[in-house]
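With the sequences and hints as input, model every part of the structure.
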Amino acid sequence: MPIHRSLLKHGYQNFSLTILEFCDIDSLVSREKHYFDVYSPEYNILKTPGSPNRGKGWTHSEAAVEKIRTAANKRMESPEYLAKMSIDQTSGVKVEVTDVETQTTTTYHAIRAAARALSIDKRYIEHYIYLNQDKPVLDKYTFKLISSDGEILNPFNDPSVKVQKSSKKIEVTNVETKEVTLYPSIGAAARALGYRQPSISLYLKENRTKPFKGLYLFKWA
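Quick note on numbering: the sequence shown equals residues 3 to 223 in my numbering.
Because the hints were derived from the structure by calculation, they are not lab data. Every residue, glycine too, gets a C-beta built ideally from N, C-alpha and C. A few of these clues could be false.
[Stated by the list, open to error] Derived EDC-like pairs (lysine to aspartate or glutamate); straight-line CA-CA distance at most 16 Å:
hint : residue 1 : residue 2
1    : K146      : E178
2    : K146      : D136
3    : K35       : E23
4    : K137      : D101
5    : K212      : E173
6    : K142      : D101
7    : K124      : E98
8    : K221      : E208
9    : K207      : E173
10   : K215      : E178
11   : K146      : D101
12   : K137      : E178
13   : K212      : E153
14   : K142      : E173
15   : K142      : E98
16   : K142      : E103
[Stated by the list, open to error] Distance ranges between label pairs, derived from CB positions:
hint : residue 1 : residue 2 : range
17   : R210      : S121      : 37 to 43 Å
18   : R33       : S8        : 20 to 26 Å
19   : L10       : K146      : 23 to 29 Å
20   : K11       : K180      : 53 to 59 Å
21   : K137      : R33       : 56 to 62 Å
22   : K221      : S8        : 49 to 55 Å
This is the structure in structure tokens:
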């Protein structure tokens with residue numbers, strides 16, 4: 003399909019989705035035809051809005067559909083394909099992934115893309131990067147944020163890196179072990195400790211001094 007090829011060629015960041023008009027459902031076909039006439043969209047395969055023959059000529063057998071689906075799934079699961087997609091969609095800050103077992107390195111355009119390629123939760127990667135962890139994730143992967151020029155970025159000092167939803171750090175003290183841990187945001191602390199973010203936010207907002215759940219003390223770093 004033309005739109006599919008163009009998305010891969012030019013990158014998703016060069017396309018946008020815009021609502022042209024809100025209308026009654028009874029007017030959908032006529033308004034669609036109006037915008038067809040005005041813009042002559044090049045990516046629309048069918049040129050007649052509301053046609054009863056919509057899709058005619060593109061019907062595949064069940065066997066063909068299953069074959070297409072299987073091929074697509076294999077392609078989407080391919081690390082090479084996902085890496086290529088990442089290159090096409092890069093936004094400036096990339097994620098470099100190193101497999102410590104094979105000593106191979108792959109670069110992705112975002113944490114989510116890397117997580118999808120490795121079939122892991124993206125929070126593993128976020129914790130490794132934003133909590134300055136040294137131990138490889140799953141004893142297999144290490145991660146770095148890098149610029150488009152290949153320079154290693156510091157997630158806390160570089161202005162091009164957006165650190166979570168909040169850049170305000172939080173200090174967490176375990177009153178039983180006396181261990182103090184610094185997190186880059188409330189969200190990061192909540193995920194690491196297994197609590198709800200709003201609960202910790204309320205604790206800080208009300209300046210509480212009693213240990214949260216009888217175990218943790220929170221304060222802004």
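Hint by hint, here is what the structure shows:
{"no.": "1", "hint": "K146 <-> E178", "verdict": "violated (33 Å)"}
{"no.": "2", "hint": "K146 <-> D136", "verdict": "holds (11 Å)"}
{"no.": "3", "hint": "K35 <-> E23", "verdict": "holds (13 Å)"}
{"no.": "4", "hint": "K137 <-> D101", "verdict": "holds (12 Å)"}
{"no.": "5", "hint": "K212 <-> E173", "verdict": "holds (15 Å)"}
{"no.": "6", "hint": "K142 <-> D101", "verdict": "holds (6 Å)"}
{"no.": "7", "hint": "K124 <-> E98", "verdict": "holds (14 Å)"}
{"no.": "8", "hint": "K221 <-> E208", "verdict": "holds (11 Å)"}
{"no.": "9", "hint": "K207 <-> E173", "verdict": "holds (14 Å)"}
{"no.": "10", "hint": "K215 <-> E178", "verdict": "holds (12 Å)"}
{"no.": "11", "hint": "K146 <-> D101", "verdict": "holds (12 Å)"}
{"no.": "12", "hint": "K137 <-> E178", "verdict": "violated (25 Å)"}
{"no.": "13", "hint": "K212 <-> E153", "verdict": "violated (44 Å)"}
{"no.": "14", "hint": "K142 <-> E173", "verdict": "violated (29 Å)"}
{"no.": "15", "hint": "K142 <-> E98", "verdict": "holds (14 Å)"}
{"no.": "16", "hint": "K142 <-> E103", "verdict": "holds (6 Å)"}
{"no.": "17", "hint": "R210 <-> S121: 37 to 43 Å", "verdict": "holds (40 Å)"}
{"no.": "18", "hint": "R33 <-> S8: 20 to 26 Å", "verdict": "holds (25 Å)"}
{"no.": "19", "hint": "L10 <-> K146: 23 to 29 Å", "verdict": "holds (26 Å)"}
{"no.": "20", "hint": "K11 <-> K180: 53 to 59 Å", "verdict": "holds (57 Å)"}
{"no.": "21", "hint": "K137 <-> R33: 56 to 62 Å", "verdict": "holds (57 Å)"}
{"no.": "22", "hint": "K221 <-> S8: 49 to 55 Å", "verdict": "holds (51 Å)"}
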